[in-house]
Each structure stands twice: as structure tokens, then as C-alpha cells.
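S.K.: The primary structure of each chain is shown beneath.
Number of protein chains: 2
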Amino acid sequence: MFFIVGLGLGDCKDITVKGLEIVKKCERVYLEAYTSVLTCGAEALEEFYGRKLIIADRDLVEQGADDILEGADKSDIALLVVGDPFGATTHTDLVLRAKQKDIGVEVVHNASILNAVGCCGLQLYSFGETVSIPYWTKTWQPDSFFDKVELNYRNKLHTLCLLDIKVKEPTLESLTKKKKEFMPPRFMSVAEAAQQLAQILEKRKSEDNILVSGASLCVGLARVGSKTQKIIACSLQQMCSIDIGGPLHSLIITSPELHPLEVEYLEQFRINK
Amino acid sequence: MFFIVGLGLGDCKDITVKGLEIVKKCERVYLEAYTSVLTCGAEALEEFYGRKLIIADRDLVEQGADDILEGADKSDIALLVVGDPFGATTHTDLVLRAKQKDIGVEVVHNASILNAVGCCGLQLYSFGETVSIPYWTKTWQPDSFFDKVELNYRNKLHTLCLLDIKVKEPTLESLTKKKKEFMPPRFMSVAEAAQQLAQILEKRKSEDNILVSGASLCVGLARVGSKTQKIIACSLQQMCSIDIGGPLHSLIITSPELHPLEVEYLEQFRINK
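Quick note, the sequences are listed as chains A and B, same order.
Okay, so the first sequence: first residue is 403 according to the numbering used here, each after it adds one.
Okay, so the second sequence: first residue is 403 according to the numbering used here, each after it adds one.
The hints are simulated quantities; they were obtained by calculation from the structure and are not laboratory data.
Do not take every clue at face value.
Copies of the same chain look alike in the list, so a pair counts if it works inside one copy or between any two.
[Unchecked claim] In silico DSBU-like cross-links for lysine-lysine, where the CA-CA straight-line distance does not exceed 30 Å:
(1) K629 with K501
(2) K632 with K503
(3) K570 with K582
(4) K415 with K629
(5) K580 with K568
Make the full structure from the sequences, and use the hints.
M.R.: Right, dumping it as C-alpha cells:
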């Protein structure tokens, strides 16, 4: 059997009882560690589970499906993923590969940022399409995600922006070499995300039908579900210079119309009350 | 401290390790049992936790906040909710009431249908606004949710439809009596939801710009996250006569454009291949 187990968002103890039982009984347990991270490290997980984990990087998960699934027809193999198993396309793909090999698959769900974001008091049913904000480079500055933010805003919906993570990215120079060298990990902050949004607004200011502005109310979230969780509510302009500490961060551009309960709940996170 | 603990979607063992520790140490533990249900009953939970639970019905959660929070400034009280704590407005409201009373609040997240629905292979980032489909009566047949389905479809997004639950609804006759009598619980099936959608399409067929049709691809899900989970993919018309067993059900109207991986994944759930 191949198990794919969500770990939730915070620390070791956010795994479910069912998930923990599976981790303990499997022959090999992989930890997917590049689409997201927990606030505790892999060592803390190993100690809590009382067993060794195999760290699965992008190469292994995306190209090494055969290695991961090896023997899963006869014994139990698990892949642990931060959040919920279906949060990333590569995990869905892995389930398909397993089924093609006639390997049984069992999924253990858990919280993901898509529902845990409700902790800021914005109604989950008032969110539109989720967008991802990628790190820009000098020559690659895509802004098509902004059209989705704007569309949600027009339709009076909140937008959850998932912020880029760069873990184990090979350096440009090492791409042609045999031995890859890696850049230090980077996690986009709400301030960086807000700055990119502000640049897009500046670039598009001649378009006269843009509704999102520097004054639009945003919510910045850090380390959701952990003891050090931090939430802040302020304008997009103010968000450009906000520091809410270590990763992971998420940013919400709220709807222009809020429910009274949403307003009341957000009040506790407001800066400059 | 007031704890609000998500139970996830399946059975007893879908609670997190952190959540279970809280349940065991609290003085009083309430189980909210009207916005959703697990596939196991309250008795199974009590046995697994090794303690008594207090069943919290709609009256208690919506009007009895003071009773639930009584003593939470000095001892530990928990409210258990199916799915994630922020899945229903009443839970958000309860957190606010606690904070107003200067009672510390800790939230333990878990999977909810909003992310677990990814188990059908549709990308979570391609969903638009979620809608709720209510049970119609002879005199009350709202269809404004259909406008949202249609808008998502136009924007090439999937729509998750949450289906109505009627638990502990007083009978009309007993509303004026001292002792309320309750109707048997009802859980809307994907067939009932599809039938209501088909009726709306029929009523609106003279509007010539409706894109959703009886041929639109839908996905029906039952008991997501449990061992008896069932998923079916077929047209809206076919969904009207599909039986996928006991509650809870959810229905998805898919986007007119699917990603190749979505098509491949859905293939396993197709009827009339």
C-alpha cells in the first residue's frame, strides 16, 4: 500500500492519529520538503515518530516516482506532505502513477492553508480563485495573477495569495555542471509580495478600470496553525513595509465589501487602529 | 483556555495528536453536531477518547455561548467541530465572544471539505467561489447560488457545492409549543442537488446566455476522507439519478476547461466510460 499523509501546518503534533499509526508501521517513509515547510524541522519529526525519514526533494518526487513506489505492492510505503496531500499537482500525479502500477493508495487528509486561512475571520465561502505570486527576476516579471486578484475584487471576493518558496534551487552556474550547487532557501514575505503588487499597480495605473489600489485592505499571515502565528490587517501600501517574522507567509487581498462579523474579527489584527 | 478543535472528516482517528491531547485534559468537552457529521457517531468518539462529550446543538452554539464558555477563564474547555474550526460562521462568532471575555483561545486546525475535495483530482487552485445549495420548500425556492456557479463556469473555474443538512430542525407545528418536536435528520444527496440544478436550468432556458447545461461534467462525492468514500464523474443530467450511498455528499460542477492531469485523474470515476 502507498500512503500519502498530510502533516497539517504547524508542528509534529499536527499529524492525525491515523497518520501517526501509518508512519509507525511503514517500511519506508519519505518527507516531501520543497513545496512547503513546517515550523519544526525534519529532525524534530524523526524524534517524535521515533524513526528515520527519507527527505524527498523535487528531483525525487517529480522524476523518481518509481523509486518511491518500489515495493509498495508488497509492503507499506508512505510519503508525508506538509498541509493536505492534494495541495500540489505533483502529489496527485504520484497517486496516479501508483494506481497505474496496481498499487493500493490511501490518503490521510489534514489542514492546508486553503482552509486554515479562515483563522483571520474572513469567511472561507467568500474567497474567489487562489493565486500564486512568484519571485520575479530581472528578466521574468509575470503579472497575469493580478488579473485574477482584480476579477475576485470586482466579484466582491477575497483573494488568497500563496507566496513563492525556493528550496533547493540549483544555481544558474551549476546547471551545466555535473555536481549541482544550490541557492540558499528563500520564502517570499508578505512585504515582498505587497511590493510586487504595488509595482504592478504602478505599471498599470494608466488603465482606468483597475479597482484594487494601495488603499485596499490586506491581511498578512505568518506561520498559520503554529504557536507563533501572526496576523496583521492593513492597507496594501502599509503591507509593503510590514515584518511578521519567519516563513511561511500568505497574503489576502480582501473583498471591497466585508460582512460585519468579518470586520469585527479583523479589528484585533489592525495596525493604526 | 477555550479550545476549538477540528475533527477532520472521516472517523475517530482523524483528530490530530495535538487535538487528542486537548480533549483528554479538558474539564468539559462539547461536540458540535449540527453543521456537519462524521461517519462515526458520538458514542464511537466517546469510546475512543475515553470520556464523556456534551452534545452541542444549534440552540446551544448560537445562543448559549455563555454556558459553553463558563469557567474557561480558569479551566480548560473544548468545542469539537467536524472539519476545520473556521468552516462555519457560528464558530468564528464563538471565538470572538471568548476574546471579549478575555478568555484565551487556541484553535486546532484539521481537514475540511474545502481542501479534501482535492481527492477527486481537480486542482484546488482552479475552484471559484464555493456555494451552498439549500433544500427547497414548496414556497421557498431560492436559486441565486446558480449565478455564482455560472460565473465560475464562465471564468473557467470549478464550483464546489455544499449540500444542505437539516439536523434537529423543529417541526412547523411545534414552533409555537413549549416542547419542541424535531423532524428526522435530512442530508441532501448529489442526486437531489442535481435535480434542483436541472429545475433551475429548465426555468431559465429562455435566457440565452446560460453556459452550464445538462451535459456539463459534474463530480459527486460521498463520505470524503472515510474508508467508504465514493466519487463519481458524469453529466449533470446523469447525476440526477445517481446513488452514492449515505451522507455527507458534495457536488462539483467542473470548469468547461480541464487540465490534462485533471482529465486523467477523473477518468477512474467516470460512469459510462
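S.K.: Could you run down the list of hints and mark each one as holding or not?
M.R.: Hint by hint, here is what the structure shows:
When the C-alpha separation of K629 and K501 is checked against a cutoff of 30 Å, the pair qualifies only between copies, where the shortest distance is 17 Å, while the shortest distance within a copy is 38 Å. Taking CA atoms no more than 30 Å apart as the test, K632 paired with K503 passes between copies only; the shortest distance there is 21 Å, against 44 Å inside one copy. In this assembly of identical chains, the alpha carbons of K570 and K582 lie at most 30 Å apart only when taken from the same copy (10 Å versus 62 Å across copies). Taking CA atoms no more than 30 Å apart as the test, K415 paired with K629 passes in both settings, with 12 Å inside one copy and 23 Å between copies.
Proximity of K580 to K568 under the C-alpha cut-off of 30 Å is restricted to the intra-copy arrangement: shortest distance 21 Å within a copy versus 63 Å between copies.
Of the numbered hints listed earlier, not one is contradicted by the structure.
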